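Respectively, the protein sequence lines represent chains A and B. 1 is the number of the first residue of the first sequence in my numbering; add one for each residue after it. 1 is the number of the first residue of the second sequence in my numbering; add one for each residue after it.
Take the hints with a grain of salt, since some may be wrong.
[Said to hold, decoys possible] In silico contact screen, one side only, chain A against chain B (beta carbon under 8 angstroms); selected entries:
hint: 1; residue: Glu191
hint: 2; residue: Pro192
hint: 3; residue: Leu203
hint: 4; residue: Ala206
hint: 5; residue: Arg218
hint: 6; residue: Val221
hint: 7; residue: Asp230
hint: 8; residue: Asn233
hint: 9; residue: Pro236
hint: 10; residue: Leu241
hint: 11; residue: Ser252
hint: 12; residue: Met253
hint: 13; residue: Pro258
hint: 14; residue: Arg261
hint: 15; residue: Pro309
[Claimed, not checked] Derived Cβ-Cβ restraints for the label pairs, each shown as a range:
hint: 16; chain 1: B; residue 1: Gly139; chain 2: A; residue 2: Gly10; range: 33 to 39 angstroms
hint: 17; chain 1: A; residue 1: Glu204; chain 2: B; residue 2: Gly11; range: 42 to 48 angstroms
hint: 18; chain 1: A; residue 1: Ser226; chain 2: B; residue 2: Gly139; range: 39 to 45 angstroms
hint: 19; chain 1: B; residue 1: Lys95; chain 2: A; residue 2: Ala101; range: 30 to 36 angstroms
hint: 20; chain 1: A; residue 1: Ser226; chain 2: B; residue 2: Gly11; range: 43 to 49 angstroms
hint: 21; chain 1: B; residue 1: Gly43; chain 2: A; residue 2: Gly171; range: 51 to 57 angstroms
hint: 22; chain 1: B; residue 1: Gly35; chain 2: A; residue 2: Glu204; range: 50 to 56 angstroms
hint: 23; chain 1: A; residue 1: Ala187; chain 2: B; residue 2: Arg162; range: 52 to 58 angstroms
hint: 24; chain 1: A; residue 1: Met253; chain 2: B; residue 2: Leu185; range: 21 to 27 angstroms
hint: 25; chain 1: B; residue 1: Asp165; chain 2: A; residue 2: Thr257; range: 26 to 32 angstroms
hint: 26; chain 1: B; residue 1: Lys95; chain 2: A; residue 2: Leu282; range: 39 to 45 angstroms
None of these hints come from the bench; they were simulated from the model. Computed from a predicted model, the values in this text were never measured in an experiment. Here a beta-carbon is modelled for each residue, glycine too, at the ideal position from N, C-alpha and C.
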Amino acid sequence: MFTTGLPRLGESFFTASSMAIAVPAGVQILCWLATIWLGRPIFRVPFLFIPALFFTFVLGGMTGVMVASVPIDTQVHDTYFVVAHFHYVLVGGALFPLLDAVYYWLPKVTGRMMSERVGRWVVGLLFLGFNFTFFPMHILGLQGMPRRVYTYQVEMGWGGMNLFISLCSVGLAAGFLLFCIDVIRSARNGEPAGDNPWRASTLEWATSSPPPPYDFARLPVANSASPLWDEKNSLPVVSGLSVNRRELLITSMGTATPEARETSPQNLIWPFWAAIATSMMLVASIFTPWAVVWGSIPLAITLIGWFWPRGTPEDDS
Amino acid sequence: MRHRIVADLSGLPLHGSGSSSQTWWGTLAFMLIEGTGFALAVGVYLYLASIAPQWPLGAPPPDPWPGTVIAVLLLVSAIPNWLVARWAEAQDLRKVRIGLVIMSVAGLLPLVVRIWEFPALNVSWDSNACGSILWVLLGLHTAHILTDIVDTLVLTAMMFSRHGDNKRRYGDVQDNALYWYFVVLTWLPIYLCIYGVPRL
Numbered sequence: 001m002f003t004t005g006l007p008r009l010g011e012s013f014f015t016a017s018s019m020a021i022a023v024p025a026g027v028q029i030l031c032w033l034a035t036i037w038l039g040r041p042i043f044r045v046p047f048l049f050i051p052a053l054f055f056t057f058v059l060g061g062m063t064g065v066m067v068a069s070v071p072i073d074t075q076v077h078d079t080y081f082v083v084a085h086f087h088y089v090l091v092g093g094a095l096f097p098l099l100d101a102v103y104y105w106l107p108k109v110t111g112r113m114m115s116e117r118v119g120r121w122v123v124g125l126l127f128l129g130f131n132f133t134f135f136p137m138h139i140l141g142l143q144g145m146p147r148r149v150y151t152y153q154v155e156m157g158w159g160g161m162n163l164f165i166s167l168c169s170v171g172l173a174a175g176f177l178l179f180c181i182d183v184i185r186s187a188r189n190g191e192p193a194g195d196n197p198w199r200a201s202t203l204e205w206a207t208s209s210p211p212p213p214y215d216f217a218r219l220p221v222a223n224s225a226s227p228l229w230d231e232k233n234s235l236p237v238v239s240g241l242s243v244n245r246r247e248l249l250i251t252s253m254g255t256a257t258p259e260a261r262e263t264s265p266q267n268l269i270w271p272f273w274a275a276i277a278t279s280m281m282l283v284a285s286i287f288t289p290w291a292v293v294w295g296s297i298p299l300a301i302t303l304i305g306w307f308w309p310r311g312t313p314e315d316d317s
Numbered sequence: 001m002r003h004r005i006v007a008d009l010s011g012l013p014l015h016g017s018g019s020s021s022q023t024w025w026g027t028l029a030f031m032l033i034e035g036t037g038f039a040l041a042v043g044v045y046l047y048l049a050s051i052a053p054q055w056p057l058g059a060p061p062p063d064p065w066p067g068t069v070i071a072v073l074l075l076v077s078a079i080p081n082w083l084v085a086r087w088a089e090a091q092d093l094r095k096v097r098i099g100l101v102i103m104s105v106a107g108l109l110p111l112v113v114r115i116w117e118f119p120a121l122n123v124s125w126d127s128n129a130c131g132s133i134l135w136v137l138l139g140l141h142t143a144h145i146l147t148d149i150v151d152t153l154v155l156t157a158m159m160f161s162r163h164g165d166n167k168r169r170y171g172d173v174q175d176n177a178l179y180w181y182f183v184v185l186t187w188l189p190i191y192l193c194i195y196g197v198p199r200l
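Bound conformation, chain B alone (with noise of 0.2 angstroms):
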């Protein structure tokens, strides 16, 4: 068919933010994913603490104290978290570079407090069901933060070369920032079953 031309789109940003931006769209389909999994996995506890005789079986109660220093850290890094998403929205690079930087220590410290939650489950992984499903969750939750803190280390870097100051770094900024919430959301349900049903 002959071509009519009916508008010019030469004019249109080369890069979106929000939901006119397709990694936007990516870090949506990765939480619902990811979701899911963290759902199967907060099922799969509940079931195994409805049918076994006592709860947690054959080992005392997980020592509360890190997990709840963890739960502590994430939700204060949700502040810097709200402010590097704000700056890049603003585009402010030298802000961006700061928060990032603060970012990346927000991400850190949680993961050095759990060198000490591991053991205060008081329970191997592979000693019992209770074992190795609370080992899956709490290691389910230490990969997320795992790979959320690689991508904050990676943007930062990027941040500080010469690639930084370009439209589609911000929306990559906001991105990670999005995906923060997240890691950080998921602790609560998660810090609940390990601590809280022990305890009911």
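Isolated chain A, as found in the complex (with noise of 0.2 angstroms):
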């Protein structure tokens, strides 16, 4: 960025807005610790990625704080320094995350636990596998290895430390594997998760594993963040739905007190046709103005169409 050729007030600027990423971002620290701090942690295998993911997302932040200097950044730039600091960012901000949230809610989506002890060879393959390949990647950044090179001179000295990330990166593929093989064999094989599996409180996890598709034949009432915590033998729950014909309930912003039963929409033809109708009138546009004109006849219709009353149960009020 800084070595683009920026006038001095850019730079300035993204100097100031780089850096200002930090304040979010320990706000969003902060807030993890505060979950956790008020949670009822279970020491299983989804909460383990939480620590891995930590230190690997804060170390990947304060390296981005490094980066947003123009010094260090003109001196880093195109370095190796730079892959480590976003792999460290993007592995810590969203893969640990996504694999967690795998063995999170897989048990929710197909009824069956992943095993707990190939899931513990998995964060340990991983954290280890990912901060032996990529740490390195900084102290080579910094003796001026450049990125996107396939080779470089034996005298410049690079080669004991990419024979070591070398081979660690074997060690975090095979933890990939082993997560992929886990995925495929929990959900054919794994043992049955049952409703709640982690004791959790949110209300995913009040219905059956997997859920039926309308997931809860009765809306459940929710009176705090953690609704499952506060009820521990029956779920609170409203009825008075209609049944013959479709219904969702309207609440208020703030205090979500009920104030009306809406109707949804049946099934229609219509939204295809408008689909289809705004479609044409947008490519033919790009042909002649006049497609808008024309264009908005068979829209007008369609939209006339989706929207005019059709005295069904659907439509009373």
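Two chains, two separate frames, one set of hints: put the complex together.
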């Protein structure tokens, strides 16, 4: 960024905005800690990913503040330092949480647990494999090794560290392989999960695993952010929604007080025709502005057809 | 988990108005999206005006008369608009029908005057950047009058049908009135841009 020849003002602006990212990121980390503090952690595989992603993401954030500074960025621009930095951010900020989410919610999706024993190996291999693969890249970058090269002179002295990186990346890859095997194996033959294997607090764990298409036969009532911890034995629900027309509950914004039983639309072909008419109008408008005029006629017809009342139970109020 | 019924909702109304109606929120969100579109177009207009050697580019300033007539027509139409929303809230079918017919005419009149407003810009949409953005501003607002008038006409037809006397239709009338205020209000900054900025 800073080596592209930006004017002085541009460099100052991008330094300030890049460093400012540390503020919301820091707030976010405190929020994570508060979530654990207020929660009831169970030290099983989904939770084991959490310190791994904290460590990795925070390290990536620290080097982020470093490369926000013009002189440091000019020094490490296009080196392995940058490669290390953004892999720490992406893997810590996105990949570990995604894999974690699979371990957490796959039991809800498939009704079967993933293996606790294999999962511990997966976390260990991924965390150690990742850090041993990518941490040395910081040092290589500071030593001046440019990114996007496939070879370099022997006398640069980067050979030993690169060999170490390559060997550790095998461990990282093994972690991914083990994860994929575990997903497929568990989805087929895993232990039955039950409704709430983690003793978690949120509503998705109150329905069966896997959930029926309608989720709940009656709408559950939540009185706090952790409804299942408030209600040990039974789930408070509401009754009285119609069964002969599709309904959804409208509530007030702040306090979620029920206000109306609004209908959901029935199955209709008109939205499809409206989409076709819109697409035809927009594509044709590339060739002539008159397409907007003539194309609006079929579009208007489809929209009026869509919204015209039908006298069905869904249409009553 | 075992279910425990804590509330019976069978007594709730089948349709809410204002913030307990989905179409009200939809109208609000639509105004937000469209308002952003207007703000972007005005931003482009002011940017072009700020870097052009003279403004308007190679054309006399737009003739303000048709635009002023439209501004008056739109502002006056806010009165029957307010009334029809009130009648819809009271679910008075006869008055709502009359009000919607008046609002149909009140929506068509500015569209008719706009036929003279485009030539009054004194520049074609394809002659230079100034012409393009002027036509974009005016076209954008015209598109909004058009969509609202189509909505009003369909709604008027519906209120004269057997589907009219229905709580949800009265809610539609109120949302339509809410949107018309938006069409009226957005004309004012655009009017100032088109006719005021070149005369500064």
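Checked hints:
1. Glu191: violated (20 angstroms)
2. Pro192: violated (17 angstroms)
3. Leu203: Violated: closest Cβ of chain B sits about 10 angstroms from Leu203 (chain A), beyond 8 angstroms.
4. Ala206: holds (5 angstroms)
5. Arg218: holds (6 angstroms)
6. Val221: This interface hint holds because 6 angstroms falls under the 8 angstroms limit.
7. Asp230: violated (12 angstroms)
8. Asn233: holds (7 angstroms)
9. Pro236: Holds, about 4 angstroms.
10. Leu241: holds (6 angstroms)
11. Ser252: holds (7 angstroms)
12. Met253: holds (7 angstroms)
13. Pro258: holds (6 angstroms)
14. Arg261: holds (5 angstroms)
15. Pro309: holds (4 angstroms)
16. B:Gly139 <-> A:Gly10: 33 to 39 angstroms: Holds, at about 35 angstroms.
17. A:Glu204 <-> B:Gly11: 42 to 48 angstroms: violated (29 angstroms)
18. A:Ser226 <-> B:Gly139: 39 to 45 angstroms: For Gly139 (chain B) against Ser226 (chain A), whose Cβ atoms are near 53 angstroms apart, the range 39 to 45 angstroms is violated.
19. B:Lys95 <-> A:Ala101: 30 to 36 angstroms: violated (56 angstroms)
20. A:Ser226 <-> B:Gly11: 43 to 49 angstroms: Cβ of Ser226 (chain A) to Cβ of Gly11 (chain B): about 30 angstroms, so the range 43 to 49 angstroms is violated.
21. B:Gly43 <-> A:Gly171: 51 to 57 angstroms: holds (53 angstroms)
22. B:Gly35 <-> A:Glu204: 50 to 56 angstroms: Since the Cβ atoms of Gly35 (chain B) and Glu204 (chain A) sit about 37 angstroms apart, the hinted range of 50 to 56 angstroms is violated.
23. A:Ala187 <-> B:Arg162: 52 to 58 angstroms: holds (54 angstroms)
24. A:Met253 <-> B:Leu185: 21 to 27 angstroms: holds (24 angstroms)
25. B:Asp165 <-> A:Thr257: 26 to 32 angstroms: The hinted range 26 to 32 angstroms holds for Asp165 (chain B) and Thr257 (chain A), with Cβ atoms some 28 angstroms apart.
26. B:Lys95 <-> A:Leu282: 39 to 45 angstroms: Check passed, 40 angstroms falls within 39 to 45 angstroms.
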